[in-house]
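Those protein sequences? They're chains A and B, same order as listed.
Heads up, the first sequence stops at 295 in our numbering, and the numbers go up one at a time, no gaps.
Heads up, the second sequence stops at 678 in our numbering, and the numbers go up one at a time, no gaps.
To be clear, the hints were calculated from the coordinates, so they are not data collected in a lab.
All residues carry an ideal CB built from backbone N, CA and C; glycine is no exception.
One or more of the hints may lead you astray.
[Said to hold, decoys possible] Only some residues are given here: those of chain B computed to face chain A with a beta carbon under 10 Å: (1) Asp506; (2) Ala510; (3) Arg512; (4) Gly552; (5) Val563; (6) Gly579; (7) Ile605.
[Stated by the list, open to error] A short list of chain B residues far from chain A (calculated; beta carbon distances all over 10 Å): (8) Asp331; (9) Lys350; (10) Asp359; (11) Thr426; (12) Ala459; (13) Gly494; (14) Leu623; (15) Ile628; (16) Arg645; (17) Glu671.
[Stated by the list, open to error] Pairs of lysine to aspartate or glutamate, DMTMM-like flavour, derived with a Cα cap of 20 Å: (18) Lys533(B) to Glu517(B); (19) Lys407(B) to Asp116(A); (20) Lys407(B) to Asp194(A); (21) Lys376(B) to Asp297(B); (22) Lys172(A) to Asp664(B); (23) Lys355(B) to Asp390(B).
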Amino acid sequence: MSVFVDETTRVVIQGVSPSSQGLYHGLRNRAYGTQVVAGTNPKRGGEVIEGIPIFATVAEAVEATGATASFISVPPRGAPDAIVEAAEAGIEFIVCITEGIPAHDEARVYNRLVRDFPRTRLLGPNCPGIISAGKCNIGITSGDIALPGGPVGLVSRSGTVFYQAMYELTQKGVGQTTGVGIGGDPVPGTSFIDVLAAFEADPETRAIMLIGEIGGSAEEEAADFIRAELSKPVVAYIAGVTAPPGRKMGHAGAIVSGSQGTATAKMAALAAAGVIVAQNPTEAGERMVEVVKGL
Amino acid sequence: MDLYEYQGKQYFARFGIPTSPGGVADTVDEAVARADEVGYPVVVKAQVKVGGRGKAGGIKLAADAEEVRRHASAILGMDIKGHTVQRLWIEHASDIEREYYVSFTLDRRAKKYLCMVSAQGGVDIEEVAATDPDAIARLHVDPLDGLSAASAAEVVARAGLDDAAREQAATLVQRLYNCYVEGDCDLAEINPLILTTDGRVHALDAKVTLDDNAAFRHPEWEEFAGTETTDERERLAKEKGLQYVGLDGFVGIIANGAGLAMSTCDVVQQVGGQPANFLDIGGGANADQMANALEVINADPKVRSIFVNIFGGITRGEEVANGIVQALARVDISAPIVVRLDGTNAEEGRAILAAQVGDRVVSVPTMIDAARKATELAGGTVR
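Just need the whole structure built from these sequences, with the hints factored in.
Right under this line is the structure:
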C-alpha cells in the first residue's frame with residue numbers, strides 16, 4: 001500500500017499553459033505513470049495541451065474527469081485562491097509546490113481548509129510533492145530516484161534533502177512505499193505528525209525515515225508523537241547539524257520555541273523518543289539498511 | 296527582513312501606534328540637531344539589529360546638547376555583538392511610570408496568531424517567560440476571525456496592566472494586530488510599551504520583522520531595503536539574488552535548496568573539511584544563477600575548492616551544467632570544482648560537463664565522496 005496517493009489517484013494540474021512549470025512537471029508525472037486527467041486555465045477551457053484536456057475551472061475538471069487530486073505550481077499571488085478553488089471543487093488531496101507565499105496567506109488558507117473543507121488535505125506549499133513509488137508521482141521529484149516495493153515511508157521538511165534521502169535508500173536497494181515532502185514553510189498544510197500517523201496505519205510501511213531541518217519546532221512535535229503513538233522504527237536526520245546559530249525572531253520567537261529550533265535540540269528530542277538519529281543523509285541510509293534487515 | 300528600531304517606529308506610525316517624537320542621526324552634529332528639535336532631555340539610541348543594546352552601552356540619556364555630543368560620539372562606531380553602529384535614533388525622553396510588553400507572532404504549533412501581553416515589560420521578558428510564565432497573558436487569534444475589541448480588552452486585563460493604561464493599551468493592541476496582519480509582519484513586538492507619569496501609553500521600542508514573501512504587495516518597503524550591513528561576500532551574493540551566509544572555512548559550497556545546502560555543510564565538516572559558506576541557488580535556478588554563484592564563491596580568497604552539490608527537482612541538471620560552463624568561460628575560477636549532480640535531467644547535465652572534466656572540474660557520483668574529494672583538493676585532511 002501507500003499513503004495519500006496511489007495508482008487510482010486522478011490528477012488535475014491547475015494553471016496550465018504550454019510554457020508553465022505545472023505542465024512541464026505534470027508531463028513528467030504522467031510519464032511516471034500518474035493519471036494526469038485534466039488541466040485548468042480560465043483562458044484555455046476546451047483546449048487540449050499535450051493530450052491533457054483543459055478546463056476553465058477545477059469544478060468543471062472534476063465534473064468531467066473525476067479528478068481527486070490537484071497539482072498547483074502557480075505564482076505566490078494566485079496560489080492561495082487556487083488552493084481554495086480546488087477545495088471548493090471537492091478535491092481531496094492538493095499538492096502545492098509554490099515557493100514564496102506570504103505567511104499570513106498560508107495561515108488564512110490553512111485555517112480556511114480546517115474550518116470549511118475538513119476532508120481536503122493540502123500538501124505544502126513550498127514542497128517537492130509526493131511520490132508513491134511505482135504508482136503515482138505528483139510534484140517535482142524526479143521519479144527515477146524512487147524504488148517501489150517498500151518497506152520505508154519517507155517524510156521530509158526539506159525539499160532537496162528529501163531527494164537525497166530517497167536516493168540513498170534506492171542506491172542501497174531499500175524500497176519505499178511513499179515519500180512525502182511536507183515543505184518548510186511556517187504553516188504547512190500537512191505536518192510530520194499527519195504523515196507519521198498515515199505511515200503507522202499503512203501495513204506495507206514498516207519503517208520510517210524522517211528528514212528535518214533547523215528552525216521551528218516541527219521535529220520536536222514529531223518526537224512527542226513518535227514516543228506516544230508510533231510502533232514502527234524511525235531513522236532521522238536533521239539538516240544543519242553544523243550550522244552556526246541562526247538569527248532569533250525577537251523575544252516572541254524565543255518565548256514560543258524556547259530552546260527548540262537547533263539541530264542539537266531536535267536530535268536530542270528524537271533520540272529520546274527512541275529514534276535512530278544519523279549525522280548525514282548517507283549515514284541515515286546506512287542505518288535504515290540495518291533497520292530493514294532486522295524487520 | 297528585520298527593521299531597525301527607527302524604521303519599526305515609522306512603520307508603527309502608519310497604523311496609528313503612538314511613539315515618542317524623534318529623528319535619525321548619522322553624525323554627532325545631526326544628533327544634536329535632532330535633540331534640539333525634539334526637546335531635552337533626550338535618549339540617544341544605537342540603531343543595530345540586535346538585542347541587548349542598553350546593556351552594551353548603546354542607549355544613553357542626555358540632558359543637554361553637550362551630553363548628546365558626548366554620547367553620540369561614543370556610540371557611533373561602537374561594536375555591539377558584531378554590529379557596528381552607523382546610525383542613531385534621538386528621541387524625547389519619556390517619564391516612565393510602568394513598563395509592559397506586547398507582541399504578535401505566528402504560533403507554528405497552533406497554526407494561529409499569538410498575542411502576548413505582560414505587565415512585566417523591559418529588557419528581561421525572556422527571563423519572565425522562563426521563571427514566571429503566568430505573568431505573560433497569551434491569546435490565540437484565528438486569522439479568519441481577526442481580533443475583536445473585546446478580546447483585545449480581555450487580554451490586556453488578564454495581563455494585569457494598570458487600570459490607567461488598560462483602555463489605551465487595548466486600542467494599541469488592536470492597532471498592533473492591524474500592523475502585524477495588514478503590514479505583513481512575521482513579528483511585531485513592543486518592549487517596553489510604557490505608561491507615562493502623565494497617563495499616556497506608547498511604544499518605547501519597536502521590533503518588526505517583515506515577511507519577505509509579501510514584498511510584492513508592499514512597494515513602500517523599498518525604503519527599508521539596502522540599509523542592512525553585511526560582509527562584502529554577502530553583499531555581492533545578495534545583489535545576485537543568492538541565499539548566502541559567509542562562514543570561516545575553505546571549501547566553497549553551492550547547493551540547491553536550503554536543506555541540501557545545510558546538509559552539504561554538515562557532510563563537508565564531518566569528512567574533515569570546513570565550509571567557507573552556505574549558498575543556496577534556490578529552486579528552479581537557471582544557468583545564469585549557477586554562473587553567478589560560482590562568481591560569488593570565486594571572489595572569496597579563502598576558498599581553495601568548490602563543491603557544487605545539486606539534486607535536481609525543479610532545478611534541471613542541464614541548466615546547472617550550462618551555468619558551470621558559462622562561468623568557466625566568463626571568469627577565471629582559480630579553485631578546482633567538484634560537481635555532484637543527480638535528479639531531474641542529471642544525465643543531460645553530466646553529458647554537458649563531460650567536456651569540461653579535467654583538472655578544473657571533477658565529477659563525483661555521491662554526495663559523501665564528493666565532499667571528501669573537495670576537502671582533499673582544498674588540502675584538508677580527509678577522515
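Results for each hint:
no. : hint                   : result
1   : Asp506                 : 5 Å, holds
2   : Ala510                 : 9 Å, holds
3   : Arg512                 : 8 Å, holds
4   : Gly552                 : 3 Å, holds
5   : Val563                 : 8 Å, holds
6   : Gly579                 : 7 Å, holds
7   : Ile605                 : 8 Å, holds
8   : Asp331                 : 33 Å, holds
9   : Lys350                 : 14 Å, holds
10  : Asp359                 : 33 Å, holds
11  : Thr426                 : 12 Å, holds
12  : Ala459                 : 25 Å, holds
13  : Gly494                 : 26 Å, holds
14  : Leu623                 : 24 Å, holds
15  : Ile628                 : 24 Å, holds
16  : Arg645                 : 14 Å, holds
17  : Glu671                 : 17 Å, holds
18  : Lys533(B) to Glu517(B) : 15 Å, holds
19  : Lys407(B) to Asp116(A) : 16 Å, holds
20  : Lys407(B) to Asp194(A) : 18 Å, holds
21  : Lys376(B) to Asp297(B) : 16 Å, holds
22  : Lys172(A) to Asp664(B) : 15 Å, holds
23  : Lys355(B) to Asp390(B) : 15 Å, holds
In the structure shown, no violation is registered for any of the earlier numbered hints.
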